[in-house]
Amino acid sequence: MALAMVGEALISACIEILIKQIASPEFEDFFSSRKLDISLLDELKIMLLGLNAVLNDAEEKQMTDSAVKEWLDELKDGVLDAEDLLDEFEAISRRLEHFVRQKDILGLQSVTRRVSYRTVTDSLVESAVVAREDDKEKRLSMLLCDDNGMSNDIEVITVLGMGGLGKTTLVQCLYNHSKVQKHFDLTAWAWVSDDFDILKVTKKIVESLTSKDCHITNLDVLRVELKNSQRDKKFLLVLDDFWNEKYNDWHHLVAPLSSGRKGSKIIVTTRQQRVAQVTHTFPTYEFKSLSDENCWRILARHAFGSEGYQNFQS
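Mapped onto full-length UniProt numbering, the consecutive letters of the sequence shown carry residue numbers 1 to 314.
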């Protein structure tokens, strides 16, 4: 690396280059595609800016202060590691681009699967939700409440948490609850993922609401279809695994849903804090890791079965 050949006086310039690379749209897109928390990039940029601000002072003091000299040497090593990491990201990105080109050469196309939501076995849903019974009841009350004093007819409950904690499992339990199915005229589920395409997502919503294949390819026509499909009806829509954090995209996606009746709800599950800030109208529900006791309850339920679990508790 060229950085190894430069003196401490140029570390500042190298840090500025790193900041520009981290802030580039290409790097942010790559970070999102790996399902990493993009807010970490902001924290990294802030740390680099803070270090850059004291470099001039450190470069002067290193001549008389050995501790500062050691700190500066270690910082240079850290910048070297960061540069190597960015090079690795770029190499992986180029490799993925190669696969994209091969996909086109092979004539592979996206195929919409008629799956309303990700399949989770009943036993797994039951076991996981047992440990979050209080959370389930609170969210259920929100869903069934039609008079919350809000002027916005579209009420959004955002469930935030890292992957694997059971966000989708809990929401599936709410979605299938008998009270929820009776309360809403229509229910729909769309898995969004990090590859956000408003045409594809809107089509998924329409197909889930109508239980029919949708072959509309014009977004404006599709938005009209979405608006008509739930006009004057109270609906529940789940947008599972939502990653897009741009407010304009969010507003454009949900605008046709304003024709629904008051009391209509949207549930968004996401791993991204920024998404929660953009989407929620209710206070964001942040999904935490289960306590040791609740993990044991799930394990015991699987080990002993439902009846055996009740006997084990008593």
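No wet-lab data here; the hints were simulated from the structure.
A couple of the hints might just be wrong.
[Stated by the list, open to error] Computed Cβ-Cβ distance ranges for the label pairs, DEER-style:
1. 87 - 46: 19 to 25 Å
2. 199 - 42: 25 to 31 Å
3. 288 - 198: 50 to 56 Å
Every residue, glycine too, gets a C-beta built ideally from N, C-alpha and C.
Hint-by-hint comparison with the structure:
{"no.": "1", "hint": "87 - 46: 19 to 25 Å", "in the structure": "holds, 23 Å"}
{"no.": "2", "hint": "199 - 42: 25 to 31 Å", "in the structure": "holds, 30 Å"}
{"no.": "3", "hint": "288 - 198: 50 to 56 Å", "in the structure": "violated, 31 Å"}
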